[in-house]
Amino acid sequence: MAEATGTTGTEEWQPKIVMFCCNWCSYGGADSAGMGRFQMPPTVRVIRVMCSGRMDPVFILNAFLEGADGVIFSGCHIGDCHYVSGNYKATIKYKFLKAMVNELGLEDERLKLDWISASEGERYAQVVTEFTEQIKKVGPSPLKPEGVI
Amino acid sequence: MEIGDCYVGWATDEDIRTRGASGGLVTAMLAAALEKGLVEAVVVLKKLGEFEAVPVVTSDPEEVKAAAGSMHSVPIVLSRYLEYGTKVALPAKPCDARSTIEQAKRGQVDIDTTYIVGLNCGGTMHPAMTRKMLETVYKLDPEEIAGEEIDKGKLIFETKDGKEHAIKIDELEEEGYGRRESCQYCAVNIPTMADIACGNWGVIGDLAGKGTFVEINTEKGIAILENAIDAGAVEITPADDKGKVIRAKVDGAMMKVAAAANEKYLAPIEGSHLDYYMNALKDCIHCGACKTVCPVCACGETAKCTEFSSAADTYKMSLFHLVRFVHLMDSCIGCGQCTDVCPADIPLTHIYQRFAVPMQEEFEYKPGMDMTTPPFFGVDLIEEGH
Amino acid sequence: MENEEPRIGVFVCECGVNIGGYLDTQAVADYALTLPNVVHTKVNKFTCADSGQAEIQAGIKEHNLNRVVVASCTPRTHEPTFRACCKEAGVNPYQFEFVNIRDQCSWIHMWDWGGATAKAKDLVRMGVARSRLLEPLEESSVPVDQNVLVIGAGVAGMQAAIDFGDMGYNVYLVDKEPSIGGRMSRFDKVFPTNDCSICILGPKMVEVGRNKNINIMTYSEVTDVGGFVGNFEATILHKPRYLDTDICTGCASCQEVCPVEVPKEFNEGFGTRKAIYIPFPQAVPLRAVLDMENCIGCKACEKACEPGAIRYDQEPVYETLKVGAIIVAVGMDTFDPLPHNNYGYGLYDNVITTMEFERLLNAAGPTGGHVVRPSDAVEPTTVGFVNCVGSRDVNENIYCSGGVCCMFNIKNAQLLKEKRPETNHYIFYMDIRATMRGFEEAYNRARDLGVKFIRGKPVEITEKENGNLVVRVEDTLKGEIANVEVDLLVLGTGLVPNEGINEMGSILKLPRSADGFLTELHPKLAPVDTTTDGVFVAGCAAGPRDITYSTAHGSATAGRATRLLSTGEAPIMGITAKINEDACVVCGVCVDKCPYGVFEIVGTNGDRHINVVEALCKGCGTCVTACPTGALEQSHFKNDQVLAQVRNVFVYGGE
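Protein chains in written order, with my numbering: chain P, 1 to 149; chain S, 150 to 535; chain Z, 536 to 1190.
Some hints could be false.
[To be verified] 27 Å max Cα-Cα, derived DSSO-like pairs, lysine-lysine:
(1) Lys98(P) to Lys405(S)
(2) Lys431(S) to Lys144(P)
(3) Lys144(P) to Lys465(S)
(4) Lys465(S) to Lys112(P)
(5) Lys398(S) to Lys95(P)
(6) Lys95(P) to Lys1173(Z)
(7) Lys95(P) to Lys1044(Z)
(8) Lys95(P) to Lys465(S)
(9) Lys1113(Z) to Lys440(S)
(10) Lys144(P) to Lys1044(Z)
(11) Lys987(Z) to Lys98(P)
(12) Lys98(P) to Lys413(S)
In case anyone wonders, no lab produced these hints; they're calculated from the structure. Predicted, not measured: the structure shown is a model, and the values here were computed from it.
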């Protein structure tokens, strides 16, 4: 199974990032990025849920324990939530998680919240690219179990 | 009688007055609440030994009266004893009262039918530690102890032969004995969040040692005290101003001590936080005892923290604890029970407090102080500028 | 079924060269076959084509598959296709899992064959892990009440009501004003045809009044809506008119004797009306209304009212209506330039808005159709019109009001010019947006008539002693600064969300977009549907639009809603929240988190439990996240199903 790796096989280390997208906005943004052929590094693994409100702290914490070098939490822009206010509630959870990650001593840069609308394909690519660069700077997650790729 | 009034009161029954602490007001008030039907049940502490007691729910006023006498126990989760909506009176240290209020916010306790009779608290001691301390520091046989008291900064044990043995608390705590660590840094001594706050601080002059200082905090507080007066079980006199000042001074002094302990036990972690936490939690055996005793956790046997983690996980940290860190950020009151029960001796309360306190400060939310909804429930936080 | 060992088939789509040209689809399929429970894989040229679907169905049959994973494009467009394909072949549509290796691999990592292939394998592994845990779900349905509520009786709402009525559905048409008609009843002429507005609207209003299936509820407001698709309960507040509308004949003798005069809202505050008044001559219903706030209690109207309709003791009445569908047609407001004194509005007498100008033009308006300027009641010979007031402006609203303001300014300048060819009129514009049918011709007609178009946004307005205004503007076509003196300046104020839109949005749980208007389900493909099933949006409630568009919208909502009503039952999605009562501790956090009111704590003491109204659930899953015990689960997005993906992002590499 060695070929099922997240890296390109080149020398430079490539982080692996777990990104949670809501069905209506940020997942749509990912689709728009594809439609627009906006290129970005192959570092992100997207998990689709219906709303950013569904992004459970358990998922995010588990992603870090699994070895994620970074996690992105994304949804509709504030005011645009398909479910009225799911993204407000996601913001509160994010605040809790952010405070927790900081106290835990995991680098602050590893957790990011960003709102991406379904039309923002270019911005989606930009968020992924910039976050990847950010993670490359901080290096592999100290929580990554030995031997996982 | 109005909210904010302060009185000194005592039981009219001579037996209760002499057996109960500080004139037996609390015992008499609880018994009267049962007798007059204000409540259906009262929580009393049943002694297991000189240093240990367990909470018991009773509807028998005689059992309430029999339980007279000061005794501390750990916070209890009322919902495990009583059906929601039961009219109940609960003697409560500040941590008991706070956890009860947190449970009420989570639908486990009906705050409108729960009379919280608050008791001042300067800290409690773990029974096992107390025995060890008696043997090694006091050089006394634990079975020979007849009573204990804190006076002028000293912890005094009275033995059955009538002799008193006193050692400065500071010295004891320096050695790792004395009060629970979480009690040492607890800054809530007077249960202002309870319906009525009772204690011996501020009882001066002739009444010293014979009366209980009470402060009325809510309408329910008025109800339970007036009920006892109407029943003829209790007499009160307005507290004098000097007493109020003294009570506040004692509280202030305790808070100073707590602040110092806080700096000692919750000092910033030096070096890598992650190493510190990984090291601290590496001995966890996933027994779940900390969750079971947690008095602010409303979950039953099924909970997200346990559901998705297992002792067989090979992660560098326990998912169980990570989930609990998040879940307790807005509710941990630092009561110390998780540390008490941990078979692997992990200082869990310190750890949970390190995660919870910054968040609670940021949200300007102190759990258990009133019925304000916890931040995790709230949806208007962004509009409020958080 | 549920305990059946998963037998998973993985179909990898090449999408022509869209996927196959940028990553190794065969390697992805081969890798998939190494995963637990995967018993069949196949690379398809086009999985969504008939041939590809046939390959899926053949695979299901030959290998007795009970789970299907397709690695191709996006579930946002193709999930229904593959679900239907699976269903036909006997696999529950909810046991189909979609992996997106086009938008998330081949198209965005076009020059990284290895990276894209490796990522595709990861995504397939995650999808396979999730599919293993997917449960079969059945979509249920609820009966649909055959009555309809239309909120707002402007042209969009009226059109919807007429269509419903004609199709035989009982309609409640509610409007907060004392007459139906909405904004359009206040316009003088409408572009691009320059028809008299009330002349073409009047017959439609009468048609509404005559339609037996339409219950007109004017001077009424919707204060609350409960329930769910097919089964809404709306609370209507009937404000007191202080007269019995069954007795009132609309003769207007009351308004003749009333001694109180207040500014007339219908004329944008120009002129006056009485405290008791008929809203306007063509009002439907043609009934008086008493404005109690301004009534002095002289009772002159009671004496003047021959039929005896006056009822001073009338109280507000609340009524509950059961309806199956709701049309939201609450309309718009025009931008208010007063708070920021845009272009001197509110500072200089002779700066007015278009809506005010419309009333000045109107024969039934305060001046009998003579356009005069407010400062001295003199007929202006030079009028300036400013476009984009409050629109396309970063300080106000960034959006364009859909060409509506361009067109009414053009129309009004044209009307003035036609009436008095010797006069001079200017339109200050940024871009003319004459996009719809007949608009360009109207624009050309205005130019031909001699209306002067200056391309530039006025930067400063100054008032001269005689009340004239000097408009300082850069003529960007000439590259010159011009100072144009006009007698009257008309602000082409843009369209903004109705002041009640937030409340309406909250009552109906409809999201608002960044521009403040209601959000459609999809801006292109579901323009009148909303995120709340059974609620449809028509006209300007969902953005600036003109009369043509609003009318078409009204009909469109009636069509969409009829689709729901005529089948008699509404499907309930399978991805709703479900509760495990044994694990639930009734903490109530879900009650707080749900924006749709799905949860309610019921019972007392030991019987307390959470009541879940599944039909209200939209499937966002926010409650599931908040639930500390895990007693709540969202079907198809269960905790373990999502965690299965999380736990398959990484594998032990063994290197």
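Right, here's what the structure says about each hint:
With a C-alpha separation of about 31 Å, the suggested pair Lys98(P) and Lys405(S) falls outside the 27 Å cut-off, and the hint is violated. As the CA atoms of Lys431(S) and Lys144(P) are separated by approximately 16 Å, the hinted pair is consistent with the 27 Å bound. Distance check on the hinted pair: Lys144(P) and Lys465(S) sit about 7 Å apart at the alpha-carbon level, within 27 Å; holds. A threshold of 27 Å between alpha carbons decides the hint, and for Lys465(S) with Lys112(P) the separation of about 22 Å falls inside it, so the pair holds.
Among the hinted pairs, Lys398(S) with Lys95(P) is inconsistent with the structure: their alpha-carbon atoms are about 38 Å apart, more than 27 Å. For a cut-off of 27 Å, the pair hint linking Lys95(P) to Lys1173(Z) stands: about 24 Å separates their Cα positions. In summary, the hint linking Lys95(P) to Lys1044(Z) is supported, as the alpha carbons are separated by about 25 Å, within the 27 Å threshold. Among the hinted pairs, Lys95(P) with Lys465(S) is consistent with the structure: their alpha-carbon atoms are about 23 Å apart, no more than 27 Å.
With a C-alpha separation of about 25 Å, the suggested pair Lys1113(Z) and Lys440(S) falls inside the 27 Å cut-off, and the hint holds. Restraint check for Lys144(P) and Lys1044(Z): the C-alpha separation of about 42 Å exceeds 27 Å, so the hint is violated. The straight-line distance between the Cα atoms of Lys987(Z) and Lys98(P) is roughly 59 Å, outside the 27 Å bound, and the hint therefore fails. A threshold of 27 Å between alpha carbons decides the hint, and for Lys98(P) with Lys413(S) the separation of about 26 Å falls inside it, so the pair holds.
Figure legend: structure checked against the earlier numbered hints; hints not met, in rising order: 1, 5, 10, 11.
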